[in-house]
Structure formats: structure tokens, C-alpha cells
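Visitor: Sequences are here, hints too, so could you generate the full structure?
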Amino acid sequence: GQNIDQPTEMTATEGAIVQINCTYQTSGFNGLFWYQQHAGEAPTFLSYNVLDGLEEKGRFSSFLSRSKGYSYLLLKELQMKDSASYLCAVSGDTGRRALTFGSGTRLQVQP
Amino acid sequence: DTEVTQTPKHLVMGMTNKKSLKCEQHMGHRAMYWYKQKAKKPPELMFVYSYEKLSINESVPSRFSPECPNSSLLNLHLHALQPEDSALYLCASSHPRGGTQETQYFGPGTRLLVL
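Line by line, the protein sequences give chains A and B.
With the first sequence counted from 1, adding 12 to any position gets you the working numbering.
With the second sequence counted from 1, adding 16 to any position gets you the working numbering.
FYI, nobody ran anything at the bench for these hints, they're computed from the structure.
There could be a bad hint or two in this list.
[As the list claims (entries may be wrong)] Calculated pairs, BS3-like style, for lysine-lysine (alpha carbon to alpha carbon, straight line, at most 27 Å):
no. : chain 1 : residue 1 : chain 2 : residue 2
1   : A       : K80       : A       : K69
2   : A       : K88       : B       : K57
3   : B       : K38       : B       : K57
4   : B       : K52       : B       : K34
5   : B       : K25       : B       : K69
6   : B       : K34       : B       : K54
7   : A       : K93       : B       : K56
8   : A       : K88       : A       : K69
9   : B       : K38       : B       : K25
10  : A       : K88       : B       : K56
11  : B       : K52       : B       : K38
12  : A       : K93       : B       : K54
13  : B       : K35       : B       : K69
14  : B       : K69       : B       : K52
15  : B       : K52       : A       : K93
16  : B       : K52       : B       : K25
17  : B       : K54       : B       : K38
18  : B       : K25       : B       : K56
19  : A       : K93       : B       : K25
20  : B       : K57       : A       : K93
21  : B       : K57       : A       : K80
22  : B       : K56       : B       : K35
23  : B       : K52       : B       : K35
24  : B       : K69       : B       : K34
[What the hints assert, rightly or not] Among the chain A residues that face chain B by a calculated CB cut under 10 Å, a handful are:
no. : residue
25  : S97
26  : G114
27  : R118
Cβ atoms here follow ideal geometry from the backbone N, Cα and C, with glycine treated the same way.
Guide: Shown next, in the form of C-alpha cells:
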């Protein structure tokens, strides 16, 4: 089976750094994705990790530890527009090739 | 170009109506997906097409009928829906084979209201 856990809500201050954690237990692993979703809009792709380590992409970075079943998304220099839900998703069994999403973390950036 | 388009943007239908949702992509992706998303919940997978063949059906009720006429188009036919089917319906596409190519790109969704 697939189980993905993320905090439900987080609050941070404009200009600060926030880390959103994701733990997963899946039957098979073919990569972990982070998506951003603003209210009423479609998810947009942020990052992909399949090997252990840190992937950096501008203000956003994502980390993966496969042995621990753990990932985090790091957002630096927070802006008001970063207020959104952040979805952790895992691609599981090779034969299945479909994403299982965590429940999402709603991030509120305050002035 | 990472655009997936969906029509209509909004749809209101009665429980006896028949309607269709449409999705189109021109990225050369050969995997296409339908998701259902309720408010404040993550997307839930409904169907996956790989190379125009249905590869995953997540035990979706038969009142939802998917169709993939060609590699660029994906339809979702709706018939005799229930009010609880009201949701945002998202289409996505990706390459069907491995690594970063598995990244799914989502369309803007169709917001469906069943009365």
C-alpha cells in the first residue's frame, strides 16, 4: 500500500525560510515529486527527486532520503505569492506508474 | 510548451444529463490521466491511459466513462451523476517511461457542479 504524510498547515513570515516535510511508505519507489497548488487552480510541478540528496532550483530546494522514506521542500526568501498548498507525491510500483499524493500542506505566508 | 488544456472550465449539470469533459496536450506525451479533487483534498487518481490504452481504472463508478481517441486527446463522459460527484476534474499528461519524464503536467481543470 501507499501512505504519505505531510503537516496539514504551516505559517511563515515573508522573507523567511520554511521547510515542509513529507514521509512516505510505498510498495516500490520510482521518484518523489513536489507540486504547488493555489486555491482553485491546477497543481504545478516544482521538483523531482529519485536519488538521495538535495536538488536546488532557485528559491526552492527539495531533499530526499530513500532509506528513511523522507523528503522535504525548502522555500527560501518567502513571498506572499508562495501562499498555497504544497503536495508531496510518490511514483510507486514500476508497473503502475501513477502518482499517489499526500494530503498537502497549506502554507500561509504572513507580512 | 508544457500546456494541457481542458474544456469546459465550469460545468453545471443535472443528474439525468450526459456531458463530456475534454483534455488536450501537444507535448508528445503518451500517458494521460484523470483526477478528481474535492475542496481541501489532494487529487485522487481515476484513470490512466498509456499509449491510448486504459491501463489503470481506480474502481471508478461506470457513470464515468473515459475515452482516448488519439495520443493528444482525452475525454471523460459523464452520465447520471450524483451531487457528490461535484468536484474539480483535472487532466494530466506525462511520458510513460521513467525518471523526470514521468513528471505530470496538469490542465487547469473543469469545475463540475451536479444538481
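Visitor: Holds or violated: are the alpha carbons of K93 of chain A and K25 of chain B at most 27 Å from each other?
Guide: Within the cut-off at roughly 23 Å; holds.
Visitor: Regarding the pair K34 of chain B and K54 of chain B, is the alpha-carbon distance no greater than 27 Å?
Guide: holds (21 Å)
Visitor: Against the 27 Å threshold, does the CA-CA distance of K93 of chain A and K56 of chain B hold or violate the hint?
Guide: holds (18 Å)
Visitor: Is the hinted pair K52 of chain B and K25 of chain B satisfied, with a Cα-Cα distance of at most 27 Å?
Guide: Judged against 27 Å, a Cα distance of about 14 Å means the pair holds.
Visitor: Please verify whether K57 of chain B and K80 of chain A have alpha carbons no more than 27 Å apart.
Guide: Given that 27 Å is the threshold and the Cα spacing comes to 26 Å, the pair holds.
Visitor: Would the hint on G114 of chain A stand, with a C-beta cut-off of 10 Å toward chain B?
Guide: At about 6 Å, which falls below the 10 Å cut-off, the nearest Cβ of chain B leaves the hint on G114 of chain A intact, so it holds.
Visitor: Is the hinted pair K69 of chain B and K52 of chain B satisfied, with a Cα-Cα distance of at most 27 Å?
Guide: This hinted pair holds, its Cα atoms lying about 20 Å apart.
Visitor: Between K56 of chain B and K35 of chain B, is the straight-line Cα distance small enough, at 27 Å or below?
Guide: holds (25 Å)
Visitor: With a cut-off of 27 Å on the C-alpha distance, tell me whether K25 of chain B and K56 of chain B pass.
Guide: Judged against 27 Å, a Cα distance of about 19 Å means the pair holds.
Visitor: Given the hint that K88 of chain A pairs with K56 of chain B, test it: the Cα-Cα distance must not exceed 27 Å.
Guide: holds (25 Å)
Visitor: Do the numbers back the hint for R118 of chain A, that is, is its least Cβ distance to chain B under 10 Å?
Guide: holds (8 Å)
Visitor: Given the hint that K25 of chain B pairs with K69 of chain B, does the C-alpha gap stay at or below 27 Å?
Guide: Holds: K25 of chain B and K69 of chain B sit about 26 Å apart, inside 27 Å.
Violation of the numbered hints given earlier is absent; every hint is satisfied by the structure.
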